[in-house]
Amino acid sequence: MDVANYLYLSALLFTIGAVGVIVRRNAIVVFMCIELMLNAANLSFVTFSRINGDLNGQVIAFFTMVVAACEVVVGLAIIVMIYRSRRSASVDDASLLSR
Amino acid sequence: MMWLTILMLLPIVGAGAIAILPKKNEKLTKQAALATTLIVMATTMAMARGFERDNVELQYVEKYSWIPAFGINYALGIDGLALVLILMSTILAPVVVLAGWNESHGGRWSVKTFYILILVLETMMIGVFAATDLFLFYVIFEAMLIPVYFLIGGYGTGERSAAAVKFLIYSLFGGLLMLASIIALYVISGAQGGHSFDLTQLSDLEMSSTTQNLLFLGFFIAFAIKAPLWPLHTWLPDAAHSATPGTSVLLLGVLDKVGTFGMIRYCLTLFPEASKTFTPLILVLAVISIIYGAILAIGQRDLKRLIAFTSISHFGFITMGIFAMTSQGHSGATLYMFNHGFSTAALFLVGGWMMTRRGSSKIADFGGLQRITPVMAWMFFLAGMSSLALPGLSSFVSEFLVLVGTFTRYPVHAVIATFGVVLAALYILIPVQKALHGPTTPGNEALSDLNLREKIAIAPIMAIIISLGFYPSPLLNVINPAASHVIAQLGFTDPVPTSGGK
Amino acid sequence: MSELAMQVGQSAAPEAVLFWILAPLTLIAALGMLLVKKAVHSAILMAFVMVALAVFYIAQGAPFLGIVQIVVYTGAVMMLFLFILMLVGVDSSDSLTESIRGLRPIAITAAVGFGGLMVSLLGRATLGRGAVGVEAANADGNVEAIAQLLFSTFVWPFEAVSALLITAALGAMVLAHHHRIQERPTQRQLSIDRFRKDSLGAAAGLPAPGVFARHNAVDVPALLPDGSPASASINASLKARGDLQNSSIFELGTVDTSASEEK
Amino acid sequence: MMTSTGLVYLIALPLAGAAILLLAGRRSDKWGHLLATGLSAASFFLGLYQLSLMLGRSSAQRPIGQKLFEWISVGTFKIDAGLLLDQLSICFVLLITGVGTIIHIYSIAYMSHDLDRRRFFAFLNFFIAAMLLLVLGDSYLNLYVGWEGVGLASYLLIGFWNQKPAYATASKKAFIMNRVGDMGLSFAVMIAFATMGTVSFSGIKAAAEQTSTAALTGIGIMLLIAATGKSAQFPLQAWLGDAMAGPTPVSALIHAATMVTAGVYLITRSNFIFDAAPTAQLLVVIVGAITLLFGALIGTAKDDIKKALAASTMSQIGYMILAAGLGPVGYAFAIMHLLTHGFFKAGMFLGAGSVMHGMNDEVNMRKYGALRKFMPITFITFGLGYLAILGVPPFAGFYSKDMIIETAFNAGGIKGIILGSVTLLGAGITAFYMTRVMILTFTGTSRWDEKAHPHESPWLMWLPMAILAVGSVTSGYLLSNGDALAHWLSPLFESHEEHHELLPPIVVSALALTLVAIGVAIAFLKYSRSGVDAVAPSDVSILTTIARQDLMQDRFNEVVFMRPGQVLTSALVKTDEVIIDGAVHGVARSALGVGASLRGLQNGFVRSYAALILIGALALIAAIWVVAQ
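Those protein sequence lines, which keep their order, are chains W, E, L and S. Those letters in the first sequence? Residues 2 to 100, per my numbering, in order. Those letters in the second sequence? Residues 135 to 636, per my numbering, in order. Those letters in the third sequence? Residues 45 to 307, per my numbering, in order. Those letters in the fourth sequence? Residues 696 to 1324, per my numbering, in order.
What the hints contain is simulated information worked out from the structure, not anything from laboratory work. Any given hint could be a false lead.
[Stated by the list, open to error] The list that follows gives simulated cross-link-like pairs (lysine-lysine, DSS-like), each with its CA atoms no further than 30 Å apart:
1. S:Lys725 <-> E:Lys410
2. S:Lys725 <-> E:Lys496
3. E:Lys589 <-> S:Lys1269
4. E:Lys589 <-> S:Lys725
5. S:Lys1269 <-> E:Lys496
6. E:Lys589 <-> E:Lys197
Since we're looking at a predicted model, the values are computed, not measured.
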């Protein structure tokens, strides 16, 4: 099987994640879509690691996971904050910049 | 002796002294400012006595390393051209302070601030003419905008903020182009024997003609905005209209000269080939400026705007003289810069007094002033005559030199420009007739004539205008060597008499 | 399951089988994430995608990463998501109608363009050789090999990332910490307040939900002696979240007594 | 050439007078006019002294010069402030200071009621100084200073009563039309410098031989333009009529005797150029001939006594210009007519001033009449001037004008016939309109306003008139007796071979006198016999209407220059505001507009930012792909 198929899959997943970030309004779903994009990138890393025959890609993917975890922690805390003050988890409600 | 540094420090010291004076005592502030400017003037004259006329090299040279990492020096030095302009600036400064004794009252900020700004500006006026390091020049060139911006925006009349912003943005735009050119020069100099901003080193650079043309344009546009050349002139009428008369004198009399000074000092010296390439274009623009400025001056209904447009016409003459590339044109242009400073100063100051008394700058609001305020009217008339270059007054010598110098090489341009002389008669005589002649119109009956302070302020200007008209040699002797040197460096010689082709 | 994946990963053909089964499912799940209304369904689908990715990792010779993926993502991260979802309202559903005009077509066009571009770029890219494979690198075991790299070449990033992790934890705590605007009321103050109210009806404490009601869930109000529902019996948080039933339907007068006990 | 240190005082004395009077202000009101008159007289006597010195020298030694200082020196452009007094300048010096002093004296009385008399005398002195500089300058540029100086003095004096808007406008018009002429002079200087490398009279005279005819023709035409401006010749003649707004002594001195003749001086002084440029010379003649008739025609229709005299001046200067254009043979006659004209025209102007003085400043001749009885001295002096301008022998005009007519006939060929006829016709018309002036003013019935109390002027006024009248009678004979002036001036001009005579002098004189007689007769028939209305009749021929409007010269200027100029000015002002400044503001506005429209992207919705990021990523990848290919 062609290893590149993983890359195609990764690209598609990334795209789906990107669309999700744009079209969904629930902050948590948006967040999950971001995670999806990160994971799609990770898949690419792992695949490239296999293509190149060394493990640097896997290590980077590992770091990505850690960073993603950090991001989730902070991001969800922010969502909780927003929810607490606005009683809503919709990203559209946090649009103070337009005013 | 560090003449130039001392000259630049003196106004700053004065400004510092004023800053610690009590805010309440406005009179003391003004006296301190006047004293400072007088001391600067005296020092300049003392320095000018030691100037070697026939030495075409830079004199009073000072050079200290400023930012060694970039090869930037604090380097000063003057030739005849710079000396004449510094003299003009330092003579005008006390006159402006004395003439505009009460100008600072209607401002947004205190009287103290006004004089501090004026003195800081004076320092920069000296520095910009004395700098021989390109970077230093650029810094002062741009920094000069700051006090002027505040002087217009803070103490002017009418839409002063808008005018100040227009002035600033115009100038900054030009400055930006010049900065790009300066950086390019710096980079090129790095490739040819070491990074430098030194004027003499930079003038020896080898550049392709395209590079030279582009860099020349960067400099030239900046200077053409400063010395307003058509069509980059529209900031001037607005600025002059909004500024106080004293500020206008410094703006048109001194600051704008930086433009024409820069054309000689930087455009011609750094880019001789490009200067030759662009000469036809620039001459056409200069001629357009002459005629266009004159016609627009005729069409103005506001005295300040009218004077501003006359200056556009005069700057056309100066630019034409510079790029005529003859010794007569060049000397005439330099002398013109000096004379224009004084004739415009006279027009603006006397016009300013008229306008402050009347509370309006509309020409139509005046009428019959010659009966009510004869001295003021005569001073205005004399200033106007100087502006239209009446023989016997200083500006005639310079204007005629420019015309003759241009004619020998570019007869067509000179001929068209000479029509500006007729238009000059129109744009001066129309306001003279409307404001000074005719029956006294309502609102003018109670105007007071010039007081002693104003007479003292205007007297030296008139003395200079008349005496230099009959005996310009003291200045010409200083200017000629420098002018011929520039012409010779460019590889030009004066055209020989043609005998009309016989 | 990981064992199975490991075995499948050893030979080419089984891997292809695995890929062609799992990849479409993954894509469908990912698309489903976008399309389902309820956030909690999205979370479930997301978990599936992550597990599937873990399988792909393992299949590509990265068992350590696959395990970490399952532990960290499906274990910790997805738990965190669900936890927050519960907090914010597990039932709350998004309306899928777009409120910003023109955004959805733009997003879809851009996404199709982006995906198409990526895929076509990948399709045009030529490596010039086949995949090397990580078998050689994994000779001493994948975990050992990664550890070798992590603690030698990548030791600084590793330390930095650990610092980041701690900072993020602290940051989350600080962010989630609730600052009191007023002094916290004391027991004494609360008692006084209770007795100083307009009526003494609540002096003995608010009624508990579900009391004398036809349901005993927390979101069902108690019924007052006159048969009307007591809205005060429901937790304020639930009310604020909107997660409560309309109390009026529990009014005795409207209850159909012929209906069965059970719902 | 000999040098002298005394020449500068000729100029310095009146100049000092002007400076003192202007700077001292009202303090000098009491004695200012006396000082000014004294200084002018001093200058005159200095001139006489110089003349006596000059007479004592051989003709080659007569020109003397004085170098004051180096004025302008840049490269090869070297101009000294230098003076030159030769046979030609001395004539002018004496005319200017002589007539000038006489008019100073006249003005003491004439202006005695004016509050600003001191200022008037300051201007007069300034004029004398500038005019002397004009005739004494030893280069074209020095001449130019005086040239514009007299223009300025003329402007100040025409607008002396500038509180009247019409007078202020008249002065402005004079200055501007003069400036147009001055432009010609500056062109001449420029061409001279570019082709010969010098602008001094002696330098150009020496270099003229090596210079091409084209260049000399160019210089000559430019000098002619200068002369037309200053001397009110066609086509720059329109200002002279309006210049009568000034006080009458000014009209007498500046606009009759001296300044307006500067053009004749310029052409005569530049004889070395015109002699070598026949085309330019021909143009000079044409301009002279046109103006000669032009002025005479205007003169026939003017009811304003000063404007009638001004038209006459224009016409007479036309004679001089024509003579100067005839070359070496005519220069002396031009100067001679200039001098005699200086006497009789100044005398007549002063007479007109005297009449106005007695008639409450009324200038309309139709409101005069029968003044002979009330102003006998004025009548006699005016009448002597009248006979002189008519060219009745033995009055001054007879000698000078007949010479010009004769020379015109002798110019040769068709040119001679045309010019001769024109000058003859001019003489006839002159006789007509001058007789008209005499009849309307001094004879017939009185048509005064009730308030008018005509009376003779004080002696301080009639004495100058009398002196000038003596000049009008005798100067012609004195100057032409034995060709005195021609011999005096001859060293300055190239000698000329005698032309063949088309008509013997006696025939020319007879023809001229016949035409004069016809002109006088027509005027008598028209005005003396039938009487004159106090109001100008309106049912007159088109020719008269046009002549009353100065042959449409103002209309022409208005339509051709002023209106288009005004339209151009307002159009350019609009252009500057709308297009040039509009472009500047347009840049500002478009920056604002771009900002405003881009601001729509910053709508605060995080999701739309995300969409932008996606689009950006797409664009970036696409760009990299395109570049990488």
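Checklist entry - Of the numbered hints stated previously, which ones are contradicted by the structure, given in increasing order? => result Result: hints 1, 2, 3 and 6 break, sorted rising.
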